[in-house]
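A.B. asks: One-letter residues, chain by chain:
Number of protein chains: 2
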Amino acid sequence: MKTLKTLAPLIARLTEIQHLKSAASLLSWDQETYMPAGGGEARADQLATLEGLAHDKLVSPDVKGWLGQWVDPTSGLARETGAEPWDEPSRALLREVWRDYSRANKLPSEFVTRLAREASLSQQVWVEARAQNDFKKFLPNLRTLVALKREEAGYVGYQASPYDALMDSYEPGMTVAHITPLFAALKAGLLPLLRRVLDSPIRIDDSFLHRTYEADRQMEFGKLVLTAMGYDFTRGRLDLSAHPFTTSFHPTDVRVTTRVFETDLPSCLFSCIHEGGHGLYDQGLEPERYGTPLGDSLSLGIHESQSRLWENSVGRSLSFWRCFYPMLQQVFPHQLPGVSLEQFHAAINRVQPSLIRVEADELTYNLHIMIRYEIERALIEDGMDVADLPGAWNEKMRTYLGIVPETDSTGVLQDVHWSMGAIGYFPTYTLGNLYAAQFYDQARLEILNLEDHIAAGQLTVLTKWLNQKIHRWGRTFTVEHLVRRVTGGSLSPQPFLDYVEQKYGQLYRLG
Amino acid sequence: MKTLKTLAPLIARLTEIQHLKSAASLLSWDQETYMPAGGGEARADQLATLEGLAHDKLVSPDVKGWLGQWVDPTSGLARETGAEPWDEPSRALLREVWRDYSRANKLPSEFVTRLAREASLSQQVWVEARAQNDFKKFLPNLRTLVALKREEAGYVGYQASPYDALMDSYEPGMTVAHITPLFAALKAGLLPLLRRVLDSPIRIDDSFLHRTYEADRQMEFGKLVLTAMGYDFTRGRLDLSAHPFTTSFHPTDVRVTTRVFETDLPSCLFSCIHEGGHGLYDQGLEPERYGTPLGDSLSLGIHESQSRLWENSVGRSLSFWRCFYPMLQQVFPHQLPGVSLEQFHAAINRVQPSLIRVEADELTYNLHIMIRYEIERALIEDGMDVADLPGAWNEKMRTYLGIVPETDSTGVLQDVHWSMGAIGYFPTYTLGNLYAAQFYDQARLEILNLEDHIAAGQLTVLTKWLNQKIHRWGRTFTVEHLVRRVTGGSLSPQPFLDYVEQKYGQLYRLG
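Note that the protein sequences, when read in sequence, are chains G and L. Read left to right, the first sequence gives residues 1 to 511 (this note's numbering). Read left to right, the second sequence gives residues 1 to 511 (this note's numbering).
So here's chain G without its partners, still in its complex pose:
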């Protein structure tokens, strides 16, 4: 049996590449947390050097030679030559390295640099355009970026849609053909349910969530919940940043960030739980596999499933708050004394169509994603003019959510993604929600009395299950294979639809 030992020189190279990428991740983390304002320009240059070197070290003659020897380029799978077969980890490693290598290799270095420079530039213009509510200012940059992403799809290649080539870098194997009927089914389930909720006579009061909650106490409570989740602070940190995120330099150093608004309790709280879910995934990867795909997270959709499972399936459940609400009341003795557990639970689950995706409830969230998905396809597949974006955005907001933004800043300019050239990324948010529902259903089947454990604050039974079933495997299995392995089935909107039907049916006493 040929094992990972055979692949030692390749693994050494991959580890070296990962050191560069980990260093780049620290530079980015620092940029968002502690870097003085003046350091931005030099930081961008330093990052470009690290990323360029990491790219060069992958698409190098050495790697080409090793992969030429070990991988069949037609199938993209390990070459089975001689008497000795490869063991499973080696086969998985070669399949995934080939994937990374061949995608990177299809992009001319000149193009990679051009895209990186344009994205960096556009992000700065977007920040200003959003602040000034001036879409036209951003228009030329966005037009260039869309053209570049179409060019990228051309280099990468695709069968049915150029959008497939873009989505593939965030969610390997996912296609328009697969996702479109899935989203249609989801929409068909969500829209009528949303209508019933909005027509219900129940009015949920969440005004007490907007009393004044001291920032340092919010952070303290966030740390308490993270610790209960099993997030290991000897291998992690919680810091502040403008937009919450998770980053990892190694399973022994995984960092989450949050933000705090004193009159918005849910913001910091659910950011902590959400990023904690991401953090547990990264802390749960195998340290001995660091640098290789076997020690890397699987896809953005799977990553998001971990954050959404904790944030929503756990963090917005009544069971969770049975344990944590009394603690929250202790931390904020003056803000919540008259509020019952049930009132609190209802408030954090209140449904309200709103303009901003990141503040959306679970019922409307995926509708925000569908709007972006449709617009991105129009841009990439149909050559829709970028100048028509604000109109298309507002029209779709009216159709899906019944509201129209008064400004582009709270509309088409709200997300950073397009300014970074991240087209094809949004669908992974909805995939994360769907996977989360599927995984959580399975966890409830396999872990005896899971909700009792949660209600007793014993969250780590779930952490351990997720680690054993998902985290530790890295990219050993494809997404499809992993989902089948964990749930016995494949990606489906039904578990999520059942979950929201049940949850909002109760909260809004739907018939």
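Calculated directly from the structure, the hints in this document are not laboratory data. Among these hints, one or two may not hold up.
Distance condition first, Cα-Cα at most 30 Å in a straight line; then the derived DSBU-like pairs of lysine-lysine [to be verified]:
hint, chain 1, residue 1, chain 2, residue 2
1, L, 21, G, 21
2, G, 106, L, 57
3, L, 21, G, 64
4, G, 57, L, 106
5, G, 57, L, 57
6, G, 21, L, 137
7, G, 64, L, 64
Covered, in the sense of this in silico footprint (three residues per stretch, anywhere, with C-beta under 8 Å from a C-beta of chain G), are these stretches of chain L [stated by the list, open to error]:
hint, region
8, 16-22
9, 25-38
10, 106-120
Glycine included, each C-beta is placed from N, C-alpha and C at the ideal position.
For this one, chain G is given, so just place chain L on it according to the hints.
C.D. replies: For chain L alone, kept in the frame of chain G given last:
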């Protein structure tokens, strides 16, 4: 005239190398400030990769080719061929790059890795040995390191002493032949002065410096002083670490750290001013020369001159406290009301032979350095057995300072330097003190009413002078040339001796 434009490909490479080194510096800064405990091992690997790549990119065929074309290897200076001469910046750049290249090139890659690994290992053992007061535990590592440093001296080459080859990497051009008579003259001046101070009937009370000073207010005051010095917080930060240090990733991102003990007011205060002096140097380098020697600091001795000038010549002067003492009293209204300016000034200058270098007053500090210099020379030049170190240490402490440590932890094990293989580094601390005295004398000659400015809190007149005279030039001039350019003379112990004679003569009312 051939200019830096001719050198563009070399400069591009140097900039790339500097990006890697800057990234490594950020990784090190993070390790000392925010990294979770578990992240240490992975961090060491990431640092090794970055440093190895930076080394490989310097000793590469490209660089060899460029330097072969532009530098005469016998003189180490720019080759003057053809009609067009080089301009001064280009000549300086080539001289300094050749210096870095040829030193790096003399060390076999295998040796560099071996030394780095041994140093990393030894540092961990030293931490334990110091904590457990167990020199024997550290002995085998230190023996190996000393052997490696002798091996290094052999690779680098030297004329008179192998110690010259080691010192040269911290203080270019400095030799045993130069420094030994200098240290002898310094000692000949310091020991009798110290005796007179200790025999004086004056007893200075500094007990009020050890009342309880709230940590956050100490930090607040440190920031206030740094700001007054001209340290730019839009291009810098102040953080906490176990040992204060300064690091820089670019002139637009220079970071200083301090530590705070609530019952030791001088510790945080003078660390801030000291590191601020280093920070001003790094913020004062030319951003357009980043990556090249012209944008790099000149030597450890010159760097230390900047920190010591601010810490001692300015920060322990009566003029400085005329402005800042009332502010300090406002920040600590309960601790200092009965203490006069003169009492405070005397207390922060109290002379007291003590065991620990970093806590030494200005009069005894250099004696600590001489002890280390003599021991290092014995190890490197005379093959002194490492096992004899504790005995030699204690004997020299008795001779120089009249006190003997009761434990090796407070004696031979106190400094981190040897565990990192930094032999030849200590003399730069004393050189810094001497340069500081010379530079400050010159500043007083050139800046009208400097002490009045300082007494009015107008510290930036001095910052600007230092920037114009020293900081902005990077490595354009050699150390000797710079000192001559600034002061009209060369390195001498006399200005420092005059300074301490005057200062302590007044404080201790010496005849």
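A.B. asks: Check each numbered hint from earlier against the structure, then list the numbers of those it violates in ascending order.
C.D. replies: Of the numbered hints, 6 and 10 do not hold.
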